[in-house]
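So the protein lines, in turn, are chains A and B.
Under this note's numbering, the first residue of the first sequence carries the number 51, and numbering increases by one thereafter.
Under this note's numbering, the first residue of the second sequence carries the number 3, and numbering increases by one thereafter.
One thing to keep in mind: the hints can contain errors.
Straight-line Cα separation of at most 20 Å, SDA-like style, residue types lysine to any residue; simulated pairs [said to hold, decoys possible]:
| id | chain 1 | residue 1 | chain 2 | residue 2 |
| --- | --- | --- | --- | --- |
| 1 | A | Lys-139 | A | Asn-126 |
| 2 | B | Lys-70 | A | Lys-193 |
| 3 | A | Lys-193 | B | Lys-60 |
| 4 | B | Lys-51 | B | Tyr-103 |
| 5 | A | Lys-171 | B | Gly-25 |
| 6 | A | Lys-195 | B | Phe-57 |
| 7 | A | Lys-199 | A | Ser-175 |
| 8 | A | Lys-199 | A | Asn-149 |
Over the 12 Å line for every Cβ pair with chain B, so calculated as not near, a few chain A residues [as the list claims (entries may be wrong)]:
| id | residue |
| --- | --- |
| 9 | Asn-58 |
| 10 | Phe-68 |
| 11 | Phe-70 |
| 12 | Asp-100 |
| 13 | Ser-107 |
| 14 | Met-137 |
| 15 | Lys-139 |
| 16 | Lys-146 |
| 17 | Asp-163 |
| 18 | Ile-174 |
| 19 | Ser-176 |
In case anyone wonders, no lab produced these hints; they're calculated from the structure.
Nothing here was measured: the structure is a model prediction, and the numbers come from that model.
Built from N, CA and C at the ideal position, the CB exists for glycine as well.
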Amino acid sequence: MNNLLLLNKKILLLFILFLFLLIFGFLFTKFYLTNTLVNYSKSNLNIGADIVEPRFSINNKSKKISVSANEGNFVNDQEILLRNNVMFKSKDFIIKSDNVVFDTIKLTAQSKDDSKFISDKTTISSKGFGITENGNIINFNGKSKLIIK
Amino acid sequence: MKFFFIIICILIFTKELYSRNIGETEILTDDGIEVFQKEKYYLLKKNVKIESDTFSLKGDNVEVYFEKDLYDIKKIVAIGNVNFNSSEYNLNGLGNELILYTEKEEIIINGIQSKLIINGTEMKSDGNINVNNLTGEFFILGDNSSLLAQEIYIIGEKIDGIFSSNTEVNEIKFLDVKDKNISYIKSDDTEMYAKHAIYKKEIDIIELKEDVKIIRDGETISGDYGTLDTKDNSYKVKSNSSNKVKVVIINSDE
Chain A
51 MNNLLLLNKK ILLLFILFLF LLIFGFLFTK FYLTNTLVNY SKSNLNIGAD IVEPRFSINN
111 KSKKISVSAN EGNFVNDQEI LLRNNVMFKS KDFIIKSDNV VFDTIKLTAQ SKDDSKFISD
171 KTTISSKGFG ITENGNIINF NGKSKLIIK
Chain B
3 MKFFFIIICI LIFTKELYSR NIGETEILTD DGIEVFQKEK YYLLKKNVKI ESDTFSLKGD
63 NVEVYFEKDL YDIKKIVAIG NVNFNSSEYN LNGLGNELIL YTEKEEIIIN GIQSKLIING
123 TEMKSDGNIN VNNLTGEFFI LGDNSSLLAQ EIYIIGEKID GIFSSNTEVN EIKFLDVKDK
183 NISYIKSDDT EMYAKHAIYK KEIDIIELKE DVKIIRDGET ISGDYGTLDT KDNSYKVKSN
243 SSNKVKVVII NSDE
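Modelling step: build the complete structure from the supplied sequences, incorporating the hints.
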């Protein structure tokens, strides 16, 4: 006689249910809880920030440069340290960098971190950058590379 | 497995070594780039290297003027230890300052020991060298200015000329050479001195004015005015009424 037929159907069902719960539990722990923890960690990082997702703009006669970041911390009355995914965006270009000190009165910006300028057919990579004169002058510091496509 | 590992390594290192792709222009600087948006130019600072498929340039500092955006270059001003090469236009040169107008294809080189070689024609000067590649017009101005073309060598303080633009090798159509001391022209076996010399390709004549001296085969003829026919290599020397034409013949057998 087949050994399988000797097993109690109820016990077998319970075993399958237990196995299903075990797999479900494993998947739940692996994905849902991990994501929750990551989100929690991220929100905890934001706790250290004075401003979450700060937004500014630099305006001059010819163009507007929008400034955005994930976090900002006040350095003094007029300067803010922008951190995580800092972006300066105008209709002609985007500058991506990190740890940028933005002066809210003079509307200037300075960074010593790796920076990337992207515009039509052009990219500039440098070790830091600076924006002065309402965005008219952009200074890329240190050893720099400009690629024209 | 080992083979694939080697291939991957080669690909990675090749990408690292040659970061510029075909058709791209790469500009490297040691001390950054300053972009002036209103004035529409950018300043490349310290030890600048520009490299594209057909053009390369090195200089201490370079200003690049653009029309619409950074890629749309209309003028390049390179200052300090400038050295450049263009395989497209078959030219290379060096000098203290280079000004290059991309649209009108005009090149200006300034400074001591400036040098430009264009389609085999060599120009040197301690002043300025100016060439318009579209019109073929050029001038070399200043001390130690010289021009070495296929069959002619010229030294003069001011050398004006026009190249024929429809030939692969630059053929000189017109020349105007001036020097307050004396200018020098060597064509084939003939050496010529004068304060002012004019060459016109259409009539094949070199016209010499003031303090003229023509030397050929040990024979020196001096006067106030002379012409050399480049077709049959014959020459004439005239003198003002007050002076006389002087002929000195040196016999090399003596």
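- Message: Run through the hints listed earlier and report the numbers of any the structure violates, in increasing order.
- Response: 1, 2, 8, 18 and 19
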